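Colleague: The lines below spell out each chain.
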Amino acid sequence: MQVMGTPSRDSTPRAPTQSAGQVWAEASACFRAWTDGETGELGLSGLVRVMTPVLWHVVRSYRLPHELAEDVVQTTWLALVRRRDAIEDPVAIGGWLTTTARREAWRVSKLKNQAIPVEDEEIAFRLPRQRSAESHAVEADESSQLWRVVDELPDRCRRLLRIVAFENRPDYTHVAQTLDMPVGSIGPTRSRCLAKLRIALMQIDDPEAGR
Amino acid sequence: MTRDYSRDGLLQVVREVWTERDPMPAGLVERMQAAVEAELAIAGTDFDVELLMLVSREEMLAGARGTATYTLRFSSDDIDLLVRAVGAPEGGTRLDGWVSPAGPVTVHATPVPDTGRSWEVESDDTGRFEFTDLPAGMVRLHLTPRDTGLKPFATPAFEI
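Chains as they are written, first to last, in our numbering: chain A, 1 to 211; chain B, 1 to 160.
Warning: the hint list may mix true and false statements.
Per label pair, the in silico range of CB-to-CB distance [as the list claims (entries may be wrong)]:
#	chain 1	residue 1	chain 2	residue 2	range
1	B	Lys151	A	Gln203	57 to 67 Å
2	B	Thr115	A	Pro65	26 to 36 Å
3	B	His108	A	Arg192	50 to 60 Å
4	B	Thr2	A	Arg156	23 to 33 Å
5	A	Asp89	B	Asp96	36 to 46 Å
6	A	Glu88	B	Leu40	14 to 24 Å
7	A	Leu111	B	Thr69	12 to 22 Å
8	B	Gly149	A	Asp171	31 to 41 Å
9	B	Ala68	A	Ser191	42 to 52 Å
10	A	Gln203	B	Ala68	15 to 25 Å
11	A	Lys110	B	Ala68	36 to 46 Å
12	A	Asp89	B	Gly137	31 to 41 Å
13	B	Gly9	A	Asp151	17 to 27 Å
A few chain B positions that, by computed beta-carbon distances, are all more than 12 Å from chain A [to be verified]:
#	residue
14	Asp4
15	Gln33
16	Leu40
17	Ser75
18	Leu82
19	Arg84
20	Arg94
21	His108
22	Asp114
23	Thr115
24	Trp119
25	Gly137
26	Pro156
27	Glu159
None of these hints come from the bench; they were simulated from the model. Small disclaimer: the values here were computed from a predicted structure and weren't measured. Ideal Cβ positions, reconstructed from N, Cα and C, are used throughout, including at glycine.
Produce the entire structure from the sequences given, and follow the hints as far as they go.
Modeller: As structure tokens, this is what we get:
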């Protein structure tokens, strides 16, 4: 079975999404500057700009509707303002924020359990945004294929991979608790989910694969 | 371009899919920046304010005359606060609140971001209060028990 040698049909560079590591480094720098007295974009405002998208995706993986998700993100930021002095290591700021957000999202999702719509009903399937005329057809095709691949993963894979993708080395004990999974199963489940994703991607990149 | 099938490459795909598929609501970053600024302003003056957490938020009904009613419940270990906001078609909002355990409180409503205006009302002895005409938008409530032995408390910013 030869799969790796076939070039992907997608030769168009995609808008780069920063890795969790890069986001975490920028967050640490902003946090350190804020505690050193910096205001504005170099300090707390910058930290909010950098980490709010991460918190959004972490919180939404707990299937909270938009408004509650936004409230949980806000609660997380207010908690930071109040407890800043308790965070001794600026490098830990990203993990502190995502852990706080996850705990709060989990708590709210438990309270709201009956009323929460399932994620797939909540999120309308949107058409990919147009980037440029010439790459549009290729990219639309590529985007919707990737969406379908992620969509077809088992529910626990989708949620776990979303958390793992946006967080930087999350604490598995805490993730396990909030996803109602045994702690020992997180590592193996993550590996299985990544393997499923890899196979599915290889199949869209090379439809001959696996035949 | 050959796809990167490594762990990092796969997680990159996951990030891209979710970033496109379930993007942050418009203006979220700006709202959060305004919320932390408002919180810093309080923290600078009074560290002893207890922060309530939003427990639930329900849209009760869409009124026949273009009004919507929201019920929000906030709580901390010690206090529960129920708020009902009724939007009027003209843009003003009526806001009723109940504090539990019952007791007289002074309630401040401040828009977020701060516009320099704020509203203040006194609750009755059972902890019930009302604002008859607040501007629509993000607002925070600060509640100060008239029994000075009790700590003041505040809600996060919420939309009315």
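Colleague: The structure should be examined with respect to each hint, and the outcome stated for every one.
Modeller: Each hint tested on the structure:
One distance hint, 57 to 67 Å for the beta-carbon pair Lys151 (chain B) and Gln203 (chain A), holds here, with the actual separation near 59 Å. For Thr115 (chain B) and Pro65 (chain A), the hinted distance range of 26 to 36 Å is satisfied, since their beta carbons lie about 28 Å from each other. Between His108 (chain B) and Arg192 (chain A) the beta carbons are some 53 Å apart, a value that agrees with the proposed interval 50 to 60 Å. Evaluation of the 23 to 33 Å hint for Thr2 (chain B) and Arg156 (chain A) yields a pass: the beta carbon distance comes to about 29 Å.
The supplied range of 36 to 46 Å is met by Asp89 (chain A) and Asp96 (chain B), whose beta-carbon atoms lie about 45 Å from each other. For Glu88 (chain A) and Leu40 (chain B), the Cβ-Cβ distance of about 20 Å falls inside the hinted range of 14 to 24 Å, so the restraint holds. Distance hint for Leu111 (chain A) and Thr69 (chain B): a CB-CB separation of about 21 Å, consistent with the stated range 12 to 22 Å. In this structure the hint that Gly149 (chain B) and Asp171 (chain A) lie 31 to 41 Å apart at CB holds, the actual value being about 40 Å.
Checked against the given bound of 42 to 52 Å, the beta carbons of Ala68 (chain B) and Ser191 (chain A), roughly 47 Å apart, stay inside it. In this structure the hint that Gln203 (chain A) and Ala68 (chain B) lie 15 to 25 Å apart at CB is violated, the actual value being about 47 Å. Taking the beta carbon of each, Lys110 (chain A) and Ala68 (chain B) are about 27 Å apart, not inside 36 to 46 Å as hinted. Here the CB-CB span from Asp89 (chain A) to Gly137 (chain B) is close to 37 Å, well matched to the stated 31 to 41 Å.
As the Cβ distance of Gly9 (chain B) to Asp151 (chain A) is approximately 19 Å, the hint placing it in 17 to 27 Å holds. With a cut of 12 Å on Cβ distances, Asp4 (chain B) falls inside the contact zone with chain A, its closest approach being about 10 Å. At roughly 5 Å, the least C-beta separation between Gln33 (chain B) and chain A is not larger than 12 Å, which violates its mark as non-interface. Here Leu40 (chain B) does not stay apart from chain A, with its beta-carbon only about 6 Å from theirs, under the 12 Å limit.
Not every CB of chain A is more than 12 Å from the CB of Ser75 (chain B) (nearest about 10 Å), against its label as outside the interface. The Cβ of Leu82 (chain B) lies farther than 12 Å from every Cβ of chain A, with a closest approach of about 15 Å, so its non-interface assignment holds. The non-interface label for Arg84 (chain B) is consistent with chain A: the shortest C-beta to C-beta separation is roughly 16 Å, beyond 12 Å. No Cβ of chain A comes within 12 Å of the Cβ of Arg94 (chain B); the nearest lies about 20 Å off, and the non-interface call holds.
With 12 Å as the threshold on Cβ separation, the claim that His108 (chain B) sits away from chain A holds: the shortest Cβ distance comes to roughly 17 Å. With 12 Å as the threshold on Cβ separation, the claim that Asp114 (chain B) sits away from chain A holds: the shortest Cβ distance comes to roughly 15 Å. At roughly 19 Å from the closest C-beta of chain A, the C-beta of Thr115 (chain B) stays outside 12 Å, upholding its exclusion from the interface. The Cβ of Trp119 (chain B) lies farther than 12 Å from every Cβ of chain A, with a closest approach of about 21 Å, so its non-interface assignment holds.
Listed as outside the interface, Gly137 (chain B) is consistent with that label: its C-beta sits roughly 14 Å from the nearest C-beta of chain A, beyond the 12 Å cut-off. Some Cβ of chain A comes within 12 Å of the Cβ of Pro156 (chain B); the nearest lies about 5 Å off, and the non-interface call is violated. For Glu159 (chain B), the non-interface assignment is contradicted: its Cβ lies about 8 Å from the closest Cβ of chain A, within the 12 Å cut-off.
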